[in-house]
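S.K.: Protein chains in written order, with my numbering: chain S, 1 to 167; chain Z, 1 to 72.
Since the hints were derived computationally from the structure, they do not count as laboratory data. A portion of the hints provided could be inaccurate.
Said to hold, decoys possible - Below 30 Å or equal to it, Euclidean Cα-Cα: the simulated DSBU-like pairs (lysine-lysine) are:
hint	chain 1	residue 1	chain 2	residue 2
1	Z	K2	S	K98
2	Z	K6	S	K45
3	S	K55	Z	K37
4	S	K14	Z	K2
5	S	K14	Z	K37
As the list claims (entries may be wrong) - Chain S is faced by these chain Z residues, among others (derived, beta-carbon under 8 Å):
hint	residue
6	E21
7	V25
8	Q28
9	N31
10	A32
11	K37
12	S41
Cβ atoms here follow ideal geometry from the backbone N, Cα and C, with glycine treated the same way.
Spelled out, the chains give:
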Amino acid sequence: MAPLEGKPMTENQKVRKQLRFRIFFWLMDICLIFAGIGLADHLLKVVFGIEFDAKSQPYFAIGVVVITFNFFVPIFLFVSGFMRDEYAELLFQRTISKLAFVVAIGPVVIIISGWVHFLITDTPTLDGPFNFLYSKGNRFELLARLWMSYMLLFVGIFQFLRWRDSR
Amino acid sequence: VKNQLKVLRAMRNWSQADLGEHLDVSRQAVNAIETGKYDPSLPLAFKISRLFGQPIEEIFDDGFEGGQNVEA
Chain S
1 MAPLEGKPMT ENQKVRKQLR FRIFFWLMDI CLIFAGIGLA DHLLKVVFGI
51 EFDAKSQPYF AIGVVVITFN FFVPIFLFVS GFMRDEYAEL LFQRTISKLA
101 FVVAIGPVVI IISGWVHFLI TDTPTLDGPF NFLYSKGNRF ELLARLWMSY
151 MLLFVGIFQF LRWRDSR
Chain Z
1 VKNQLKVLRA MRNWSQADLG EHLDVSRQAV NAIETGKYDP SLPLAFKISR
51 LFGQPIEEIF DDGFEGGQNV EA
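Build out the structure end to end from the sequences listed, making use of the hints.
M.R.: So, in structure tokens, the structure goes:
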């Protein structure tokens with residue numbers, strides 16, 4: 001049988017390729033952990049009204065790491081096709097198809113939730129996790145939060161599909 | 001598609017990571033193939049076939065036998 005690739009890989013290239021595949025899954029795991037930390041912080045603030053002092057050094061330091069793994073690392077993982085083997089690529093494609101569904105349906109659900117909330121409580125805003133959508137001032141914050149939401153959904157759906165496959 | 005990958009790997013005393021290294025895929029990919037959650041691409045199936053020195057149809061079983069689907 002003829003070899004699949006024209007040029008066989010050196011041992012060093014093979015090791016680097018394996019390392020890239022592993023790092024992709026490791027980074028996904030770390031992103032999921034920090035997504036959990038970010039979500040816990042958000043829920044503490046929204047549900048229980050517990051807010052940490054953003055100016056305190058430990059909170060700020062943790063916050064920088066959390067934001068890095070909530071914003072920038074998922075984007076890197078999103079675009080870094082060279083770090084995915086064919087199984088990870090398949091998982092990625094399955095994730096994207098689910099994410100596209102959320103992108104299409106999500107805003108409609110939020111809008112309808114707003115209407116239902118208004119009809120029930122007679123207040124024009126959704127309190128809690130969606131209240132940022134009604135802020136008229138800071139469009140950057142709105143964009144950043146939506147961006148982060150989609151990135152975290154990407155990580156969450158990917159890890160869920162991976163977990164389901166491993167069972 | 002069922003497959004004999006786990007058996008063939010065990011015969012060589014390889015871990016999933018070892019087999020992944022031989023096939024240039026991740027350990028997760030080997031696990032997903034073994035558990036039948038993911039069917040490998042044709043190039044990867046050929047690679048597996050070549051690695052174990054067996055025809056693809058002896059490693060992978062799509063349930064068809066003599067032109068009839070035995071699963072049906």
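S.K.: Hint by hint, note whether the structure agrees.
M.R.: Hints versus structure:
Of the pairs offered as hints, the one joining Z/K2 and S/K98 holds, with about 26 Å between alpha carbons and a cut-off of 30 Å not exceeded. Pair hint Z/K6 plus S/K45 does not hold up; C-alpha atoms about 48 Å apart against a cutoff of 30 Å. A threshold of 30 Å between alpha carbons decides the hint, and for S/K55 with Z/K37 the separation of about 47 Å lies outside it, so the pair is violated. Restraint check: the Cα-Cα separation between S/K14 and Z/K2 comes to about 28 Å, which is no more than 30 Å; the hinted pair holds.
Taken as a hint, the S/K14 and Z/K37 pair is honoured in the structure, with Cα atoms around 25 Å apart against an allowance of 30 Å. A distance limit of 8 Å between C-beta atoms decides the matter here; for Z/E21 the minimum to chain S is near 6 Å, and the interface restraint holds. Checking Z/V25 against chain S: minimum C-beta separation of about 4 Å stays under 8 Å; hint holds. For Z/Q28, the shortest C-beta to C-beta distance to chain S is roughly 6 Å, which falls under 8 Å, so the interface hint holds.
The criterion of a C-beta within 8 Å of any C-beta in chain S is met by Z/N31, whose closest approach is roughly 6 Å, and the hint holds. Interface hint status for Z/A32: upheld, as the beta-carbon distance to the closest one in chain S is roughly 5 Å, under 8 Å. Restraint check, Z/K37 versus chain S: the minimum CB separation of about 4 Å is within 8 Å; hint holds. At a threshold of 8 Å, the smallest CB-CB gap from Z/S41 to chain S is about 6 Å, leaving the interface hint in force.
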